[in-house]
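Colleague: Just so you know, the sequences run in chain order L and D.
Under the numbering used here, the first residue of the first sequence is numbered 1, with each subsequent residue one higher.
Under the numbering used here, the first residue of the second sequence is numbered 1001, with each subsequent residue one higher.
Since the hints were made in silico from the structure, they are not lab data.
Hints are not guaranteed to be accurate.
Said to hold, decoys possible - Derived DEER-like restraints, expressed as beta-carbon distance ranges:
1. D:LEU1064 with L:PHE118: 27 to 33 Å
2. D:LEU1041 with L:VAL126: 31 to 37 Å
3. L:ASP95 with D:ARG1097: 36 to 42 Å
4. D:GLN1011 with L:HIS22: 42 to 48 Å
5. D:GLN1011 with L:ALA54: 34 to 40 Å
Values in this document were obtained by computation on a predicted structure and should not be read as measured data.
Glycine included, each C-beta is placed from N, C-alpha and C at the ideal position.
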Amino acid sequence: MNYQTPLARARGLGSAREGSHHWWRQRVTAVALFPLTLWFALAVSLLPAAAGHAEVVRWMAKPWNSILLLSFVLLSIYHAMLGLQVVIEDYVHHDSLKLGGMLGVRLVSAFLALASTFALLFIVFVLGHTHG
Amino acid sequence: MNERPLSPHLQVYRLPLTALVSITHRATGVFLSLGLILLVLFLMAVAQGPEAFDAAQGLLRSILGRLFLWGWIYALLFHLVHGFRHLIWDTGHTFERDSLNRLAIYEIVASVLLTASVFLFSLFV
C-alpha cells in the first residue's frame, strides 16, 4: 500500500528508506572510535616531541601502531563524512549548493581514505624496511 | 501578534548550558574534520621522506601550529566526552533537567582534565 500522493511520487520526495541506516552507522563508528581516540591521544602524547623522521617511521611501522592508527584515521574520516552530511542537510537550503556540498564531502572523504591508506602502507612496507 | 519572538530566537535567547554544549559538539566536529585533512597530509609527509616531514614538523612547532594542535586535541576530547553522552542518551536515560545540567558540567570538566593529562604526559616523556 502506497500512501504517497501521485505528486509526491513524481517529485521523488518520499522516504528514502535509509534514515536509520545513516544514524546507525554514525553510532557504530562512534563506539569504535571511543577506545581508538583514547589510544591515539595517549600514543601521541607519549611520542617524544623532538622525534625525527626515522623515529616516527619506526613507531608507525610497529604492527599494532599501524593497524590502530589506520583504523583511527579511516573510521574518523567515515564518521566525519556522516557528520558533515548532517551539518549540510541542516544549514544549506539552496539545492545546488547542497548537492555540491554533499558531493564534495563524499569525494574528499574517499580521497583522504585512499591517501592515508597508501601513505601508511608505504611507511610500513617500504620505509619501515629501510629504517628498520 | 506578528512581532512576537519565534523560538529559538538566537539574538534574544540566552542559550542554556545544554544548548551551548550541543552546538559546541557540532562546531568541534566540523573543526576536527578540517584537522583530519591535516593529519592525512602529515601521514603523506612522513611517507614522502625526511624533508617533507621536517617541513611539516616546522609548521606544527610554530606558535600557530601549536595553537591549532592543542585546539584540535581539546576539540577531539570534548567531542569524545559529549559523544559518549549521546550514546547514553540513545539508551533513553539522563534526559531529566537536573542530570542534563549536571552532566554538562561534568563533561566540560572531564574534557579539560583529559586535555591537561595529555599535556602533562607530553611534558614528561
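Colleague: Is the gap between the beta carbons of ASP95 of chain L and ARG1097 of chain D within 36 to 42 Å?
Modeller: holds, 39 Å
Colleague: Given a hinted range of 42 to 48 Å, is it respected by the beta-carbon distance of GLN1011 of chain D and HIS22 of chain L?
Modeller: Violated, since GLN1011 of chain D and HIS22 of chain L (Cβ atoms, about 32 Å apart) do not stay within the stated range.
Colleague: Verify the CB-CB distance for GLN1011 of chain D and ALA54 of chain L against the hinted window 34 to 40 Å.
Modeller: violated, 55 Å
Colleague: Can you let me know if the beta-carbon spacing of LEU1064 of chain D and PHE118 of chain L is within 27 to 33 Å?
Modeller: At roughly 28 Å between Cβ atoms, PHE118 of chain L and LEU1064 of chain D fall inside 27 to 33 Å, so the hint holds.
Colleague: Taking 31 to 37 Å as the hint, is the beta-carbon distance of LEU1041 of chain D and VAL126 of chain L inside that range?
Modeller: violated, 19 Å
In terms of the numbered hints stated before, the structure departs from hints 2, 4 and 5, listed from lowest to highest.
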